[in-house]
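Q: Below, each chain spelled out in residue letters.
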Amino acid sequence: MTSATSLYTRLARLFRLRKDIHPTLFTLSGLFVPLVLLAAWWGATAFGLVKPLFLPSPGDVIAEGWRQLTEGILFTDAKISTYRILIGWLVATVVAVPVGVLMGNFRIIEGALEPLISTIRYMPVVALIPLSILWAGIGDLQKVLILFLGTFFQQALMIMDNVKNIDANLIRAGQTLGFSNQEILRRIILPAAMPGIWDTFRITIGWTWTYLVVAELVAASDGLGRRIMDAQRYLATDTILFGTLLIGLLGLITDYCFKKTGQVLFRWNKAGR
Amino acid sequence: MTRSSSEPMLVLDGVGKNFLVDKKSIVAIDSIDLTLRKNEFVSVVGTSGCGKSTLLNIVGGLEEATSGEVRINGVPVTGPGRDRGFVFQSYSLFEWMTVEGNIRFALEKSNHTKAEKSELVAHFVKVVGLAGFEKAFPRQLSGGMRQRVAIARALVYKPSILLMDEPFGALDAQTRGMMQELLLQVWEDHKVTVMFVTHDVDEAIFLADRVIVLASRPGRLKRDIQIDLPRPRAFDIVTRPEFAEYKRQILSDIREETLKVMAMEQP
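Keeping their order, the protein sequence lines are chains A and B.
Our numbering puts the first sequence at residues 133 to 405.
Our numbering puts the second sequence at residues 158 to 424.
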C-alpha cells in the first residue's frame, strides 16, 4: 500500500509543470523512446508481423551498413555528400549573412527584398530541378545549386530577425559614444546578434542535410542520397533505411558540433545570475 | 544651496514632437521651454506616456524634434554626441565585452593615450564600486552592478551632460536606494549636468535640485519646483517635513494629470 503510494507520488513528481528533473533521468528519457521504437521494430520483424520487403529487420540494416563500410562505398558516399552540403550551405551563408544583416537594419532594403524572398521561400525546390540542370549541368554545381536554393531564402529571413531582435538601445548607446553607422554595424549589431545568427546556422545546416536526397535525385552517380534513390529501383529497403538513418546521424553530429562550438564562442552569453 | 552655477548649459527652446498614429498627427510634446544650469541636477516626472522619455531622447539627439531646438552651450543639437552621456533603463551593455571592455569601448573616440585610457577605466571602475569585477561579463552581474557599468561607461569620456532614462526602474527597492546614493556621490565628485527621467517621485526629489512635472497629452511643462534640501543628502532626508511637502505637491500634480488622461480615455 505504502509502496504503491510512493510509486504514484514519485511518478507524479515527474509531471510537475516546468519543474526540473534529475539530469541523468533527463538523458535516460532521451534514450528510452528510441529504444522502445527499436524494440518494436525488432519485434515486428522477428515475429514475422511484416514482410522484410516492407520493413527489413534491424539486423539486416546493420548488415547492409557493414557491407557498405567494408566495400568502401560508405566513406566515398559520405565524403561527397558532406562536401556538397558544406559548399551549398557555405555559399548560402556567405550571401545570407550580409543580405539578412542589411535587411534587418535598413527598412528600405527590407522593403525591397522581403516580399521577393518570402515568395521564393514557398516555391518547391524539387520543381526547380529541371531548370537547375539546364542552368548548371549535371555536375556538382547543380547539387550545390539545389542545396543553396533550399537553404538561402529561409536563412536570410531568419538572420534578418536575429538582427532585429537585439536591444535597440545598444545601437543608441553606440551613437551616443560617437560611433559611425558602419562601426555600429560591425562592432555592435553584428556581435550582439551573433549568438542568434549562430543558432540560425545550426538550424539551417540541418535543413541543408534534409535537401540532400533532393539534390542527388537526378544526374548523380554517387552520394548518400543517390544510394537511397538507386535502392528504390531494386526495392532494397535495407539500403534505403540504412541510408536514411545515416543521414539523420550525420545531421545529429553536425548539430552537436555547432552547439558545442557556439557554447565556446559565446561564453559571455551564458547567464551567471 | 545648490552646486550649480547660473550659466545655462542646456536650453530647450520650444521643443515639440508630433507622432503619426493611424495617419493622424498626434502631439506628444507641445512646445517645452526649459533651461538647465551648469552642474544642475534636474529630475523630470510625469504620468506614463507624457513624453518624458521622448524629451530625453530629443536632448540626446536620438530622436528629432518636430519643432523648436535644443542647445548645448549655445550650439544646436543635430544628433547624438559625446558631450552627452546616456544611461538606459535596460542597461544596454555590450554583453560580449567585459566590465572593463565596456567602459574602455566608450573611450575609443577619445584622444587619450593607451595609458591614460587604462587609468580612466580603472578610476571609473572604482568610482562605481566594481573593483574586482573588471574581467566579469555583464551576464554574470546583478542588475545593480550592470547599471553601475552603464553609469561608468556614460561618464568615462567626461560628457558635460548625463541623460538618464529611468535608470533604476528595473532594480529592487534596496538596490535602488544604494544606486541613488552612489549617483549623488558621483555627481558631487565629477561635476556634470544631469537630466534624470523617472516616475518615482521620492527618487526625483531625493536626487534633484529641481523637479520638472510634465502634463500629459500633450506633454507640457506643468510645474518647475526648486528642491531646497541641503546637500550632501543622506537617505533619511525623506523623513523631513519639507520633503513631504514637495512630495505632496508633485503627487497631487501627477494625480491631476492621471485623472485628466483617464477622463480622455472614457468612451
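Don't take each hint at face value.
[What the hints assert, rightly or not] When the alpha-carbon atoms are kept at most 27 Å apart in a straight line, the in silico DSS-like pairs for lysine-lysine are as follows:
hint : chain 1 : residue 1 : chain 2 : residue 2
1    : B       : K274      : A       : K296
2    : B       : K195      : B       : K180
3    : B       : K180      : A       : K402
[Claimed, not checked] Examples of chain A residues toward chain B, derived with CB under 7 Å:
hint : residue
4    : L139
5    : Y140
6    : G191
7    : D299
8    : N301
9    : T308
10   : G310
11   : Q314
12   : R318
13   : I321
14   : P323
Hint data in this document are derived by calculation from the structure and do not stem from the laboratory.
For each residue, glycine too, the CB sits at the ideal point set by N, CA and C.
Q: Each hint needs a verdict: does it hold in this structure or not?
A: Hint-by-hint comparison with the structure:
{"no.": "1", "hint": "K274/B x K296/A", "in the structure": "violated (33 Å)"}
{"no.": "2", "hint": "K195/B x K180/B", "in the structure": "violated (41 Å)"}
{"no.": "3", "hint": "K180/B x K402/A", "in the structure": "violated (43 Å)"}
{"no.": "4", "hint": "L139", "in the structure": "violated (41 Å)"}
{"no.": "5", "hint": "Y140", "in the structure": "violated (40 Å)"}
{"no.": "6", "hint": "G191", "in the structure": "violated (50 Å)"}
{"no.": "7", "hint": "D299", "in the structure": "holds (6 Å)"}
{"no.": "8", "hint": "N301", "in the structure": "holds (4 Å)"}
{"no.": "9", "hint": "T308", "in the structure": "holds (4 Å)"}
{"no.": "10", "hint": "G310", "in the structure": "holds (4 Å)"}
{"no.": "11", "hint": "Q314", "in the structure": "violated (14 Å)"}
{"no.": "12", "hint": "R318", "in the structure": "violated (13 Å)"}
{"no.": "13", "hint": "I321", "in the structure": "violated (11 Å)"}
{"no.": "14", "hint": "P323", "in the structure": "holds (5 Å)"}
When the structure is compared with the earlier hints, violations turn up for hints 1, 2, 3, 4, 5, 6, 11, 12, 13 and for no others.
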